[in-house]
Amino acid sequence: MEVSDEVAIQITDMNKWYGTFHVLRDIDLTVYRGERIVICGPSGSGKSTLIRCINRLEEHQQGSIVVDGNELNSDLKNVDKVRSEVGMVFQHFNLFPHLTILENCTLAPIWVRKVPRKEAVDRAMHFLEKVKIPDQANKYPGQLSGGQQQRVAIARSLCMMPRIMLFDEPTSALDPEMIKEVLDTMIELAEEGMTMLCVTHEMGFAQAVANRVIFMADGQIVEQNEPKEFFNNPKSERTQQFLSQIIGH
Amino acid sequence: MEVSDEVAIQITDMNKWYGTFHVLRDIDLTVYRGERIVICGPSGSGKSTLIRCINRLEEHQQGSIVVDGNELNSDLKNVDKVRSEVGMVFQHFNLFPHLTILENCTLAPIWVRKVPRKEAVDRAMHFLEKVKIPDQANKYPGQLSGGQQQRVAIARSLCMMPRIMLFDEPTSALDPEMIKEVLDTMIELAEEGMTMLCVTHEMGFAQAVANRVIFMADGQIVEQNEPKEFFNNPKSERTQQFLSQIIGH
Amino acid sequence: MEDLSYVRTDMLPERDPPASEVGVIGWLRMNLFSGWFNSILTVIALAFIYLVLAAIIPWLWSPTWGAGSLSACREIIAELGKEHGGACYGVITERWQQLLFGFYPEELRWRPILTFIGLFVALAPVLFNETFPGKMLWFTGAFLFLAPWLMWGGPIWTPLLVAAGPALGFVAYRYLVSVIGNLASVIVAVLIPVLFWLFLVGPLSQAIDGVVPLGIEVVESRLFGGFMLSVWIGVVAIAISLVLGVILALGRQSDLLIVKYLSVGFIEFIRGVPLITLLFVASTLLNIFMPPGTNFDIILRVMIMATLFASAYIAEVIRGGLAALPRGQYEAADALGLDYWKAQRLIILPQALKISIPGIVSTFIGLFKDTTLVSIIGLLDPIGLTGSIRADANWNGIVWELYGFIALLFFISCFSMSRYSMWLEKKLRTDHR
Amino acid sequence: MLIYDSRYRSATIQIVALIGFLLLIGWLVSNTVQNLADLGKSVGFGFLTEPAGYDINQRLLDYDSRDSHARASLMGLLNTLLVAVLGCIMATIVGVIVGVLRLSNNWLVARIMTVYVEMFRNVPVLLWIVFSMAILIETLPAPSAFRGDEPSASMLLGDSVALTNRGVYVPEPLFGRMDEEGHPLTWRQGLGDIHLFGEAWFRFDVSLELVVFLSTLIAGILVSRLIGQRADRIQNSTGVRPKTFWLRAAVIVVPSVIVLWLMGFYLGKPALRGFNFDGGTHLRNSFIALWLALSLYTAAFIAEIVRGGILAISKGQTEAAAALGIRPRRIMSLVILPQAMRVIIPPLISQYLNLTKNSSLAIAVGYMDLTGTLMGITLNQTGRELEAVMMTMLIYLAISLAISGAMNVYNNRVKLKER
Amino acid sequence: ATLDDVQARGSLKCGSNSGLTGFAAPDANGHWEGFDVAVCRAVAAAVLGDPEAVEFVPTTPKTRFTALASGEVDILVRNTTWTLTRDVDLKFTFTGVNYYDGQGFIVPKALGVSSAKELDGATVCIQTGTTTELNLADFFRTNNISYEPVPIETNAEAQQQYLAGACDTYTTDASGLAATRASFENPADHAILPEIISKEPLGPLVRHGDDEWADIVRWTLNALVAAEEFGITSTNIEELASGTDNPEINRILGTEGTMGEMLGLEADWAMKAIAAGGNYGEIFEKNIGESTPIGLARGLNAQWKDGGLQYAPPFR
Ligand SMILES: Nc1ncnc2c1ncn2[C@@H]1O[C@H](COP(=O)(O)OP(=O)(O)OP(=O)(O)O)[C@@H](O)[C@H]1O
Ligand SMILES: Nc1ncnc2c1ncn2[C@@H]1O[C@H](COP(=O)(O)OP(=O)(O)OP(=O)(O)O)[C@@H](O)[C@H]1O
Ligand SMILES: NC(=O)CC[C@H](N)C(=O)O
Ligand SMILES: [Mg+2]
Ligand SMILES: [Mg+2]
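Protein chains in written order, with the numbering used here: chain A, 1 to 249; chain B, 1 to 249; chain C, 1 to 433; chain D, 1 to 419; chain E, 1 to 316.
By construction, these hints were calculated from the structure, which means they are not laboratory data.
Possibly wrong hints are sitting among the right ones.
[Unchecked claim] Across the chosen pairs, the derived CB separations fall in these ranges: (1) D/F21 - C/F199: 16 to 24 Å; (2) A/R113 - E/G71: 54 to 62 Å; (3) D/R241 - B/S4: 32 to 40 Å.
[What the hints assert, rightly or not] Straight-line alpha carbon distances no greater than 27 Å define the calculated DSSO-like cross-link-like pairs of lysine-lysine that follow: (4) A/K114 - C/K135; (5) A/K77 - C/K354; (6) C/K135 - A/K139; (7) C/K354 - C/K342.
[Said to hold, decoys possible] Only part of the chain D face toward chain E is listed, based on derived beta-carbon distances under 7 Å: (8) D55; (9) N165; (10) F275; (11) G366.
Glycine included, each C-beta is placed from N, C-alpha and C at the ideal position.
Could you put the whole structure together from the sequences, leaning on the hints where they help?
Below, the structure written as C-alpha cells:
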C-alpha cells in the first residue's frame, strides 16, 4: 500500500450552495494516487455532497475540481471522462433491479466503454469472483442479501476499470452481520492500491486501511490526519466531541 | 409499588377462535389493581389477541372477561364503560395524522368524557409534560420521531384517566435510541401505581417493573411467575427454550 | 394475594369452535344476519334480486334464434303465449358477423382474426413476462408492422419498407454522430424515417410491387366496422401513443422549461377537452390543417386524434411510473457514465414502463370504451351499426337485443382486462425486487 | 460544440424544440389559411350575432329562434353546466352509498354493489346513455295513454307527477296564484322579475321571489351557524354540547316557509292539456337519460374511489379510536372521514371532470348542450367548422381548468404535514 | 381536379342518406337503391362507364356537408335543399334539382288532427341540421302557436320515436314522409297533413371551385331529364344510339357533335348515364312512383310539357 506523488484529485477553494444554503465552504483537498481516505463527520456536514461533487453528481459553484487532469466544468466531455475514471458505490447499492447481476456488471462496459460483450462478461465474472459471488451471476438483485448486493455494486463499479473509487457510507444500510463481508472486500481493494475516498463511520476500517482521515463539520474540512493520530489525539474540539459520540454509541 | 387485593380484571375459562383456528384456549387470569404484568411468548402465541380481548377490540366466544366489575358481553354499554376505563397503546402508535398532538390528546376527553375544552387542554398539556414533549403540542404526528409519537400515544391514553393500561409491544417498531425514552415513560407510570398489562420482549423492563411475567404459547398461558423466578428458574420446557432464544438474541 | 406462580403441565389441544361459529350457519350468521339491521338488508337484497331476475329471465328465455324479422319474432313469441314478450335473437343470428366485423369482406375475415390472435401472441411476452420467453419480443416487434398490413392489405413491401425507416434513421445516426454532433444527428435520425415514410414508402413499394408483385388484397378502411373497428382503433392508438406518451412524459419531467411547458400544455389541453370535440376535429378540421390535397380517410383521421388523445393520458401514467423510481437509479446510471438517452433506454424506461403497465391497461380500457364515440361522427362501430340495422325494415324497432349484445361484448373484454390489471398490480406490489 | 457545454446545452435543445414547435404551428396555420382560401371561406365570428333560426327545447333563460347564435350557444352551455352539476351531485350520492355498501359486512349487499360497479364500469358510457334513452322511450306510456275515460296510465303522487315517454312532468314552484282572468286570487302576489343586461345576448332575468327566498334561506343558515358556534362555546366551557338540532332546523325552515307563504307560493301541477302535459316542470327524456346514465356510470367509479379511500385508512386508526372509547359513528366522522377525504377528493374531482366532459355525449340523445348547439346545429347551419369547433374546445378547456384549479387549491390546503 | 381523382380511383364516392326507403337505402344484399342513388349511378356511368363503380357514404343531415367539404365524398345526393346560404356561404354548387319538394307533417290518424295549424302545443320530431328545422321554427312563430321540438339525428331514429309516441308529429320533406310512412307496419294509420310549409328543391351538389366537375354532374342530371323529354328510355336506347333523325337525340347520345369531349368524357357518356337506370321518368316510377309503396305523384316533377317544372336546358 504505497502512495505515489502523482495527484489523483485536486480540489481548490471549492464552494457549493444548495439555494442559499452554503453546504461546502472553501474545500481544499489534494488526493494522491493510491491514497485511501476516510471522510467522517456529523450528519449533514456535507460529506456526501463533497464526494458527489467529485464525479459531478452535483455541480459546484466556485473553485475547481480536477480529477486525473480533467477539470470538472461545464464541458460535458470532461465530465464523461471523469465519470469513466471514477467508480462510485452508494449507501443503498442502487443496483438495477430489472437486470441480472451479470447484466448489471456488463451494462456500462458495453454501452459506455464499447467493450465486446464476451469480454465484458469475462471481466464481470472476474470481479464477481473477486467479491466472492460468481455463483449469483444470473440472479436478480432482489434475490440477494444486502451485503451481497453491496458487493455486486462494488463489482459493477470495478468493471469500468476506474482508477479512483468513491464510497458513500457503503455499510450503513446493512445489517451488522453483513457489514464485515463488504468491509473485507473494500480492504482487499485497498490492498491492491486503488485510490479510494470513503465516507464511513466504521472506525475499525478507517484504522485498518486509511492513510488519512478527514473530519468534516458544517461544510468544512475541520481536521485531517493519519488515522492513529486522528483517533488518539484529535486536535479540534469538534473532532473530540464527535469521536466521543461515535465511540459511546 | 404495591398491589392491592382488589380485582381489576378477571378472565375465566376464556376461549376464542378465528374461524376454525383456536387462538386462545381456556385462559384464566386474575389481575389485581396495581399489578404490572408483562406478557411474553413466541410470535403467534396469542398475546395481542388476549390483550385486545380485554377492551373488546376482539370478541371472545366462550368464558367471561370482567373488567372493573363490568362483564364484556354483547351489551354495548358495558363495552363503552370498559373502554373508558382501559387505555391502550399500540405497536404502531396509531396517532391520528390529521390532528395536532394536542388535538389527538383532547379528542376523546371532549367527545367521550364531555370534558370542557379548556380542561381537556390543560389535562393534555399535563400529560404531554409528563412524557416530556409539551413543546411539540402544535405539531402534527408526521413531524415527530417514532419515539416521540409513541410517547404521545401514551399521553393520549392517559388523558382519558384510565385505571388500567394495556401495551402491545410499544417499543418494537422503534429505533434502538428511541426505545429507552419510551420505556422510561412506562417505568414512571408503573411507579405511580398504574395497573398495567404489557406485551413486550424487553426483558430489562420486565425485570425492572413487572411484578408478574406471563408466558404464553399456542394460545395458552404456559407459565407465570414473578420476574426473578421466571427468568432465573423457568419451570416449563417451552419457557426455557423461549428464554434461551431471547437472550441469545 | 395468593401465590402467582403457575406452570401448565400438559398443553391444551386445539378444539373446534362452537357450532354457531363455523359451517354454513356460522357463515350465514356472520355474513347475512349479524344483526337486525343486516337481516333487514339481506331480506331487501333478496327481494331486489328476485324482482330483477323475475323481470329479466322470462324475457331472456325466448327461442327466437331462427327468426328472420321482428314480426317473425313476435309471431313465435305470441305462439308461446308469453305475456311480457321475449327477446328477439334472430337479429343477432343474422347480424352478429356484421356487429363483429362491420363490412369487412367475408372471405377475408380470417385476416382480422389472425391479426387478433397475433395480437395476443405479441402481447404475451409483455403482459406475462414471466411465463413467456423474452425471445417472443421479436415477434412483438415484427407484429407492429405486420398487423396493419394484414388489416389493410396491399403489397408486402409496404410494411417492410416502413420497418426499414427506423433502421435508416439508425444508420444515419451512426454515421452522422461523429460528423455533425449528437443533437443534430438525433434530429436527422428522427427526420429521415418520417420523410422516408411520407414520400418514399408509397412509390417505392409500388415500384417493387411492379417488379415482384407479392401482396394481399387491399381492404378499404371504409369497410372496417363493428367491434373489430373499436378494437383496432384502440390498439393502434395505444400502440402509437406509447411512444408519444413516453416522449411527452420525459418532456414533462424534463428540466428544460420550454420543453416542459410544451408538454404540459399539450397534455393539459388534450385532457381538458372531451374526446368528442377531438373527433369533430378529425371529421371536420383535420383535412383543413393538412397541406392542400391531402385526404386520408376518416378512419385514419380518427385514429390520429385517438392517438393524440391516448398519448396525453399515457404520458400521465408513465410520468407516475417515472416518479415511482428511486432517485438512486438515475444517480447510479450517471455515475456509471451513461448519458441521458442511454440511461433512459437501459435503466429508467424499462422499469418505469413495467410499473406503468396496469395504468396503461386502464387507459386502454377507457379508450376502448370511448371508441364507441366514433358512431357520433358517423363511423359504423357497434353502436353506429345498431342504427343501420334498425334502418332495415325487418328489424325496425329492435333495441334491447342489439344493445345487450354489444354491452356483453364490451363487458367481457373490459372486465377481463381490468382483472388482468388488478392481478398485475398485486403482483407488482408483492414483487420485492 | 454548444451541446457539449452544460451551460448552453439546455438552451440549445430548448431553442431547437421551440423552433420545431413554431415550425409545426406555422405549417398548420399556413395549411389552414391555404385550404380556407381554396374553399373561399374566411374566418370570422360575425355569424355569432346572426339569428340562430332554430329552437331549443330546454332553455334555462328565455330564448327563441330569432335570438342570435351566441345566445343559442349560451343556452347550450347552461344546459351542459346543468347536467354536469346535477350529474356530479347524483353521482356523488350514489357513489358514496355504493362504495360504503361494498364494504358492508352483509355479503349479499356487498355482492350486489360489486355487480353494479363492474357492470357500469365495463360498458361504454355512450351505450348506457342510448340505453337509458331507449328505456324511457320504449317502456313509459305516451301522454295519450293518460287520456280517455279509462286511461291505461295514471299520474303519481296525487296527480302531481307524470311519467311519460316524453319525459317526466313534476310540479313547479310558482308565486302569486291568479284566477282565470289573471287577477290575483289573494292579497299575496308574486313580485315579478328584474331584467339584466337589456337586449344583450347574455341578458337574463332574475326572479325576485327567488332572490327573496334565497336571502331568507341564507340568513337562516347564518343564524343557524351562530347557534352552532354558541353550542361549540358551551361545549368548550362545560363539556356538554346542548342539543340544538331542532332549533337550528327551525331557524332555517320557519322563516323560509313564512316568506314563501307571503309571496303566494304554490306548486303548479302538470295537467294533460291538448297534446301534452302542461304546467309543471318538464324534465325531458334526453335530459333524464343523460343525467341518469352519466351519474350511474360515474358513480361506479366514485364508489371505487370511496371504497379505496376508506380502505386506505388503516384499521389501526379505527382501533385506536375505539380503544379510546369513541363510538363507531363518531369514529367515522372524527377520524375516518377527515382522513379518507384527503384520499378521496382528488380522484373524485377528476371524475367530476370526466363527467363534465362526457356530458358532451348529449348529442347522442338530442340533449341541447354546448356540443348540440354551438358544435352541432350552429356549425351545421352556418358552416363555420373551424370557429365553432375551436370555440367549443376552448369553453370545455376553460371549464376543465377551472375544476382542476379548484382541486389544486384544495390539495394544497389539506396536504398532511410530515417531517 | 375531382374528375381526375375519380378516374384515378376508379370509383365515385357519393354521399347518400343513411337510409330513406325509395331515395337511398341498401337492399338485403347491401346493394344501394333509390331515387337519389340513381343519380350517383348515372354520374358514375357517365364518368367511369360503370354504374356500379360507386362507393356510398351514408351521411346524416349533420355530417353531410362536412363530408362533402372535406373531400370525403365527390358528390352529395341526399335530398338536400338548395338554399342561398348553402350555395354561397357554405361554398357548394348545386347542379340542379332532381325533386321539387316541400315540408310536410305526418301524424297518427288517431290524433285527430287535420291541419298543421291545429298542432299548438304538439311535440315535433325534427332532424337537426336541416332546412326543415329552420322552417319549423318560422312556421310556428308566424302562426303564433307553440311546439316542443325533439331534435333527432337520423330518419330511423325519428321513425322510432314517432312510432313510440314520443312525439306527436314528425316533420320533414313531404317525399321523405311518404317514404317513411311506406315502411310503417300500418301505413294507413298515419296521415300526411295537407299543408306544405316550404319550398324544398332537392338536388345534387358538389364543392365550389371545380366547375368542370359541377358541369359533369349538372349535365348528367339534365341528360336524364332530357332523355325523358325526347323519349329515350332504357329499352330503346341501344336502338337510338345507332343514329336517329333527331339531331338533339344524336347529340345527347354522342353520335353527333363533341359534347363528351367538351366535358372531358367519352362521347357516349350520356348514353351510359341513361342506360344505367333509365331516364328521369323511369327512375321516378321505379323508386318512388305511384306503382311503388311510396306512391308519389309526379306533380311538380312532371316534365315542363306536362305542366311540371322538370325542364332540361338544350343540349346544344
Ligand atoms: N438536494 C438538496 N437540496 C437542498 N439541500 C440539500 C440537498 N441535499 C442535501 N442537502 C443539505 O445539505 C446538507 C449536507 O448534506 P449531505 O448529504 O452532504 O450530508 P452528509 O454529511 O452526507 O450527512 P449524512 O451523514 O446524513 O449522510 C444537509 O444539511 C442537507 O440537508
Ligand atoms: N384477524 C385474524 N384472523 C385470523 N387469524 C388471526 C387474526 N389475527 C391474528 N390471527 C392469528 O392468531 C394468532 C395469534 O395472533 P396474535 O397477533 O395474537 O399473536 P401474537 O402473540 O401477538 O404474535 P406477535 O408476537 O407476532 O404479535 C396468529 O397465528 C395469527 O395468525
Ligand atoms: N331530412 C333531410 O334529410 C333533408 C331535409 C332538407 N331537405 C334539408 O336539406 O335540409
Ligand atoms: Mg450522506
Ligand atoms: Mg402481537
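_Pairwise hint evaluation, A/K139 against C/K135, where the allowed Cα distance is 27 Å at most_ = holds, 19 Å
Query - Residue hint D/G366, partner chain E, criterion CB-CB below 7 Å - result: Where the cut-off is 7 Å and the nearest Cβ of chain E is about 4 Å from D/G366, the hint holds.
Task: Holds or violated: A/K77 to C/K354, with C-alpha atoms at most 27 Å apart - done: violated, 32 Å
- Lying within 32 to 40 Å: is that true of the beta-carbon distance D/R241 to B/S4? holds, 37 Å
Taking the least C-beta to C-beta distance, is D/F275 closer than 7 Å to chain E? holds, 4 Å
(request) Take a quick look at whether A/K114 and C/K135 sit within 27 Å of each other, Cα to Cα. (result) holds, 24 Å
query = Holds or violated: are the alpha carbons of C/K354 and C/K342 at most 27 Å from each other?
reply = holds, 17 Å
Is the shortest C-beta separation between D/D55 and chain E less than 7 Å? With a closest approach of 5 Å, the D/D55 hint holds.
**Q.** C-beta pair A/R113, E/G71: status relative to the range 54 to 62 Å that was hinted
**A.** holds, 56 Å
(message) Against the range 16 to 24 Å, how does the distance between the Cβ atoms of D/F21 and C/F199 compare: consistent or not?
(response) Cβ of D/F21 to Cβ of C/F199: about 23 Å, so the range 16 to 24 Å holds.
Regarding the hint that D/N165 lies at the interface with chain E, is the smallest CB-CB distance below 7 Å? holds, 5 Å
In summary, the one numbered hint that this structure violates is 5.
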